[in-house]
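Student: Could you build all of it, start to finish, from the sequences and the hints given here?
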Amino acid sequence: MVAENLLGKFLVRDGRTFMITEVEAYDGFEDKASHASRGETPRNKVMFGEAGVWYVYFVYGMHHMLNIVTGAEGYPAAVLIRGIEGISGPARLTKSLGIDWQMNEQKAIHASGLWIEDRGIIIPKNRIERTPRIGVAYAGEEWAGKPWRFCIKDRYLNHDKFSSPENR
DNA sequence: TAAGTGATCTCT
DNA sequence: GAGATCACTTAA
12 MVAENLLGKF LVRDGRTFMI TEVEAYDGFE DKASHASRGE TPRNKVMFGE AGVWYVYFVY
72 GMHHMLNIVT GAEGYPAAVL IRGIEGISGP ARLTKSLGID WQMNEQKAIH ASGLWIEDRG
132 IIIPKNRIER TPRIGVAYAG EEWAGKPWRF CIKDRYLNHD KFSSPENR
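Residue 12 is where the first sequence starts when you use my numbering, and the numbers rise one by one after that.
Calculated directly from the structure, the hints in this document are not laboratory data.
Incorrect hints may have been included.
With a cut-off of at most 30 angstroms between alpha-carbon atoms, the simulated DSBU-like pairs for lysine-lysine come out as follows [claimed, not checked]: (1) LYS56 to LYS136; (2) LYS164 to LYS136; (3) LYS164 to LYS56; (4) LYS164 to LYS20.
DEER-style ranges, computed between Cβ atoms [to be verified]: (5) ALA122 to PRO158: 31 to 41 angstroms; (6) LYS164 to GLY131: 16 to 26 angstroms; (7) VAL13 to ALA102: 19 to 29 angstroms; (8) GLU84 to SER123: 11 to 21 angstroms; (9) GLU41 to ALA122: 32 to 42 angstroms; (10) GLU152 to SER123: 18 to 28 angstroms; (11) ASP129 to ASP25: 26 to 36 angstroms; (12) VAL13 to ARG138: 12 to 22 angstroms; (13) ARG49 to MET12: 21 to 31 angstroms; (14) SER123 to TYR86: 17 to 27 angstroms; (15) ASP129 to THR52: 30 to 40 angstroms; (16) GLU128 to TYR149: 27 to 37 angstroms; (17) GLY131 to MET73: 28 to 38 angstroms; (18) ARG103 to THR142: 11 to 21 angstroms.
We treat Cβ as the ideally placed atom computed from N, Cα and C, and that holds for glycine.
Tutor: Structural data, given as structure tokens:
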């Protein structure tokens, strides 16, 4: 799965690099927790496009969320970047990196100012925690219960709010 | 634990 | 057009 492989890669923004520590997958037409589950709309159309493109949207009247599109063209899938080294929480992440709607539909390449680098770090399976996704209870048990959230179990990363997943 | 906040989607 | 909802955070 693509989501799991993003752990340990680096998010690069304006010359600053941050290791990705927490992600969630949203996959396919059936996934009731995904914006794509009710068909293509102006907002989610980027999820249906090519992989390697940012999907940024605005929720709760104040927060931007950063996702990377992963599926094949025509198949809606994306990974929500929920946390990076030193920062936990998807909205805090976008806020501190200055990411907003302008990044939506941009490619994750150097020219866009925001991209992902593989520096050869491999996170051992036993340091990866799998849990249900956060904040998607509305999707019903079947989909909200899917263990599609991945984070690095490392008490020395994200120690500020690392225990927040249990709070749900 | 609840309120804040506004874009987006669904239904009139 | 109106009303409900929401892949969250913060302060208490």
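Student: The structure should be examined with respect to each hint, and the outcome stated for every one.
Tutor: Hints, verified against the model:
no., hint, in the structure
1, LYS56 to LYS136, "violated (33 angstroms)"
2, LYS164 to LYS136, "holds (10 angstroms)"
3, LYS164 to LYS56, "violated (33 angstroms)"
4, LYS164 to LYS20, "holds (15 angstroms)"
5, ALA122 to PRO158: 31 to 41 angstroms, "holds (35 angstroms)"
6, LYS164 to GLY131: 16 to 26 angstroms, "holds (20 angstroms)"
7, VAL13 to ALA102: 19 to 29 angstroms, "holds (22 angstroms)"
8, GLU84 to SER123: 11 to 21 angstroms, "holds (19 angstroms)"
9, GLU41 to ALA122: 32 to 42 angstroms, "holds (34 angstroms)"
10, GLU152 to SER123: 18 to 28 angstroms, "violated (38 angstroms)"
11, ASP129 to ASP25: 26 to 36 angstroms, "violated (19 angstroms)"
12, VAL13 to ARG138: 12 to 22 angstroms, "holds (18 angstroms)"
13, ARG49 to MET12: 21 to 31 angstroms, "holds (23 angstroms)"
14, SER123 to TYR86: 17 to 27 angstroms, "holds (23 angstroms)"
15, ASP129 to THR52: 30 to 40 angstroms, "holds (32 angstroms)"
16, GLU128 to TYR149: 27 to 37 angstroms, "holds (35 angstroms)"
17, GLY131 to MET73: 28 to 38 angstroms, "holds (37 angstroms)"
18, ARG103 to THR142: 11 to 21 angstroms, "holds (19 angstroms)"
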